[in-house]
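Number of protein chains: 2
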Amino acid sequence: MKIALDAMGGDHAPEPIVAGAVKAVAADPELRVVLVGDQARIEPLVPADAPGRDRIEFFHCSQAIGMEESPVVGLRKKPDNSISRSWQLLAQQKVTGIVSAGNTGAMVAGGLFLRRFLKNVGRPGIAAVMPTIKGPSVMIDVGANVSPKAEHLFQYGVMGAIFAKHILKCERPTIGLMNVGSEEAKGTDLAKETHALFHASPFAERFVGNIEGRDIQRGVADVVVCDGFVGNVMLKTCEGVFEFVMKVLHKELLPALDVERDKAAQVLQALIGRYDYSAFGGAPLLGIDGICIICHGSSGEVAIKNALAIAAQYVRAGLNDLIVKELDAVHAPGAPGA
Amino acid sequence: MKIALDAMGGDHAPEPIVAGAVKAVAADPELRVVLVGDQARIEPLVPADAPGRDRIEFFHCSQAIGMEESPVVGLRKKPDNSISRSWQLLAQQKVTGIVSAGNTGAMVAGGLFLRRFLKNVGRPGIAAVMPTIKGPSVMIDVGANVSPKAEHLFQYGVMGAIFAKHILKCERPTIGLMNVGSEEAKGTDLAKETHALFHASPFAERFVGNIEGRDIQRGVADVVVCDGFVGNVMLKTCEGVFEFVMKVLHKELLPALDVERDKAAQVLQALIGRYDYSAFGGAPLLGIDGICIICHGSSGEVAIKNALAIAAQYVRAGLNDLIVKELDAVHAPGAPGA
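Protein chains in written order, with this note's numbering: chain A, 3 to 340; chain B, 3 to 340.
Rather than coming from a laboratory, the hints here were simulated on the basis of the structure.
As the structure is a prediction and not an experimental result, all values here were calculated from the model.
Don't be surprised by glycine CBs; every beta carbon is placed ideally from N, CA and C.
Take these hints with a grain of salt, some might be off.
27 angstroms max Cα-Cα, derived DSSO-like pairs, lysine-lysine [to be verified]:
{"hint": "1", "chain 1": "B", "residue 1": "K171", "chain 2": "A", "residue 2": "K253"}
{"hint": "2", "chain 1": "B", "residue 1": "K253", "chain 2": "A", "residue 2": "K249"}
{"hint": "3", "chain 1": "A", "residue 1": "K194", "chain 2": "B", "residue 2": "K80"}
{"hint": "4", "chain 1": "A", "residue 1": "K253", "chain 2": "B", "residue 2": "K249"}
Here are the simulated distance ranges between beta carbons [said to hold, decoys possible]:
{"hint": "5", "chain 1": "B", "residue 1": "V304", "chain 2": "A", "residue 2": "S184", "range": "25 to 31 angstroms"}
{"hint": "6", "chain 1": "A", "residue 1": "A187", "chain 2": "B", "residue 2": "I135", "range": "37 to 43 angstroms"}
{"hint": "7", "chain 1": "B", "residue 1": "V304", "chain 2": "A", "residue 2": "A29", "range": "50 to 56 angstroms"}
{"hint": "8", "chain 1": "A", "residue 1": "R263", "chain 2": "B", "residue 2": "V250", "range": "18 to 24 angstroms"}
{"hint": "9", "chain 1": "B", "residue 1": "I135", "chain 2": "A", "residue 2": "E59", "range": "44 to 50 angstroms"}
{"hint": "10", "chain 1": "B", "residue 1": "K136", "chain 2": "A", "residue 2": "R174", "range": "55 to 61 angstroms"}
{"hint": "11", "chain 1": "A", "residue 1": "H252", "chain 2": "B", "residue 2": "K249", "range": "35 to 41 angstroms"}
{"hint": "12", "chain 1": "A", "residue 1": "E59", "chain 2": "B", "residue 2": "V250", "range": "51 to 57 angstroms"}
{"hint": "13", "chain 1": "A", "residue 1": "H14", "chain 2": "B", "residue 2": "A29", "range": "42 to 48 angstroms"}
{"hint": "14", "chain 1": "A", "residue 1": "L256", "chain 2": "B", "residue 2": "A52", "range": "41 to 47 angstroms"}
{"hint": "15", "chain 1": "A", "residue 1": "A187", "chain 2": "B", "residue 2": "K136", "range": "37 to 43 angstroms"}
{"hint": "16", "chain 1": "B", "residue 1": "V74", "chain 2": "A", "residue 2": "R263", "range": "51 to 57 angstroms"}
Just chain A, with the same shape it has in the complex:
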């Protein structure tokens, strides 16, 4: 299987991106990676004797969209940018998936522009894996679609459940709808319509209803459905609170200890590494005909290696076929919610 990797995308690209690719092909003998970017700059970063070196190719392009650049302007003014080129490789079926730690807006817009959506999917959504007290859960959408319709949110729930089952190995994933309270009548019109769609669908049994912000980390649902505005704000709020608590602990807990200060500092450091939301690996854009993994801008080589591994796992599990099949069943004539 072949995955295109945007070598120019990321806060510290291209060095850690290319290093991640080198690590990924060494770890997975079936994986082939196409590094998309400025070949003169990226080719020398791949050691000639790296294990799996023959499974790394290059696709040269001359431009790159900046991390803070307007996605729309970037895509229009830089036709030879690494994100558009990656999407084109996917559209031409030269690769099965694409991975980028570059400009998230440009990645999503590039995908929307091509409109290669899976059957029955109105709009793709970004799924983010969240740590909870009961193990990982998945939140979808975290930023692809800030003004969705109820049917999009319903589809996010279905896609998220398939992701949770096959990637997070959750036997029978439950689905919760993010809202301002647990009562059925709570929230916006969008929330009420989405609630009704789930209730009338074959997923009704697995639908735990409305959940609240504090329920995510409690692991109340395996799949948390929300619009891309709310999901994006929540994901970054989690990052912010985690960062804040760690800062306070460094300022107040560590100085309070004498003999075991170093030991405590090590535990905090390990926690930051494990639970830091910004380092939790790539987030798939679900609903695309192909695999698209969006990584955090600050991704280092390990995050990139993990993102490529997730892409491979996604292909092996045949996730997209499962999504099409499941949504087909929901939309079949006579099916509730059809």
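Use these hints to put chain B onto chain A, whose structure you have.
Just chain B, lined up with the frame of chain A:
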């Protein structure tokens, strides 16, 4: 000054609620409290010799809306409930403010029903004080108005800035708009319209533009403006992440220490007390003609005492007059944004 306190509202009402009132009148010689609720049950909870006992009155009512009860059904089917009675005392100007740790939805709906809004205020919004690395900031709205218009969000910014200046003692409060990215063109239509309103207003200089979820705890803005859906979800997400991190620390940090485990546990306990979002005192419903403080359902006597103190501070600062004056200036003929 006289404040009505819903003695029946709260997870553990009426005991800690009444105890909070007793503490509050003892601490503030100008404060009078009207305890609204089942008099036979609450009067015996006030010790006859409590300092300031003569500044505690009772307003008997026979019903109470449950914490999980539908606000609309509760308000309609229980006309003699403590929340409606408190609002009526405010409407009749028998008290200057009301405080409740009861059903938040019923408190907000009770206020909307009376429609005693300040001049130029389209809809009231709940302001929540948030801890940040630079000191407290205020987030508004956190749940009163889940589908606001841009002008409501603009008014929240103005009211939040007055609250930050006079209650949080922030000299020149900055205002940020919660969004999915910092670019002007980001987000929903609502976010874009609100951004434009601030830009064209006399607040343009103090408007720091769009901010993201992770910026709250970094203290990027003193006032964080958002719709009630997003604000409510964010507030509860903060609670959830804090709770989660504390659980993980108790499970992983404390067992890793030998000699200083107790010391570390004490520091964590103090942090929970100080930063626990659920114990951060009451949140004012801004934009009401009068004072309305909504407390967390789990409020104990200290939280209730603090909420009564905030209500008194609010009255002394003449906050509502300042809000009317500021919004009048914005809406004056010829004023930008008028």
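Status of each hint after checking the structure:
1. K171/B <-> K253/A: holds, 24 angstroms
2. K253/B <-> K249/A: It holds: about 19 angstroms lies between the C-alpha atoms, which stays within 27 angstroms.
3. K194/A <-> K80/B: Status holds; Cα separation ~26 angstroms.
4. K253/A <-> K249/B: The hint holds at about 19 angstroms.
5. V304/B <-> S184/A: 25 to 31 angstroms: holds, 28 angstroms
6. A187/A <-> I135/B: 37 to 43 angstroms: Distance hint for A187/A, I135/B holds at roughly 38 angstroms.
7. V304/B <-> A29/A: 50 to 56 angstroms: The hint (50 to 56 angstroms, Cβ to Cβ) holds, given that V304/B and A29/A are roughly 55 angstroms apart.
8. R263/A <-> V250/B: 18 to 24 angstroms: holds, 19 angstroms
9. I135/B <-> E59/A: 44 to 50 angstroms: Given about 46 angstroms between the Cβ atoms, the range holds.
10. K136/B <-> R174/A: 55 to 61 angstroms: violated, 45 angstroms
11. H252/A <-> K249/B: 35 to 41 angstroms: Check failed, 19 angstroms falls outside 35 to 41 angstroms.
12. E59/A <-> V250/B: 51 to 57 angstroms: Taking Cβ atoms as reference, E59/A and V250/B lie about 42 angstroms apart, which means the hint is violated.
13. H14/A <-> A29/B: 42 to 48 angstroms: violated, 55 angstroms
14. L256/A <-> A52/B: 41 to 47 angstroms: holds, 43 angstroms
15. A187/A <-> K136/B: 37 to 43 angstroms: Given about 39 angstroms between the Cβ atoms, the range holds.
16. V74/B <-> R263/A: 51 to 57 angstroms: Distance hint for V74/B, R263/A holds at roughly 55 angstroms.
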